[in-house]
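Student: Sequence:
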Amino acid sequence: MRMYAPEVGGDVILACFDQGHRIALIRPEPPAAGHPLRLPTVQRRGAESYGRAARRLARELAPTGAVRMAKVTGLIRAAGPGCASRRPVERRLFTAHATFAGGVCAAGELLAWVPYAQVVGRTAGMAIAELGLFLEGYVGGWIPDGWISLE
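Numbering-wise, our numbering comes out as the position in the sequence shown, counting from 1, plus 639.
Simulated from the structure, these hints should not be mistaken for lab results.
Nothing here was measured: the structure is a model prediction, and the numbers come from that model.
Ideal Cβ placement from N, Cα and C applies to all residues, glycine included.
Computed spacing ranges between beta-carbons, pair by pair:
hint, residue 1, residue 2, range
1, Pro-754, Ala-686, 33 to 43 Å
2, Thr-703, Ala-768, 28 to 38 Å
3, Gly-779, Gly-685, 36 to 46 Å
Put together the whole structure using the sequences plus the hints.
Tutor: Written as structure tokens, this is what we have:
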């Protein structure tokens, strides 16, 4: 399974933090111009729940179980600007914490660990308008556990 996808990607997105508040981003291999870094994404399978798909995605990042799912989830109700030709798709942004420092995930893509404050500038095309605020609030601890709506 390839986690990197063009444009918006799958309907499940993972913000996986390390101990230094850096986030794992996927870098296509080989690196190609016009293909920016991405948060890991995956498409749900059939009747698979969002949560189950998120756990599957976490296993793709670290098959040894070195990723712990967190309790904050962002609900992204529709595709963002620039995706008007696409049918609006509900997506969910899950949070997790990694206890590994590896550079290659199970699916073979390269991981780039980026400080959370730089993620928005490095992930053009993710179509999550409030991503920066979400990440800042999560790291700052002022977003409570549970669901938060991202428009």
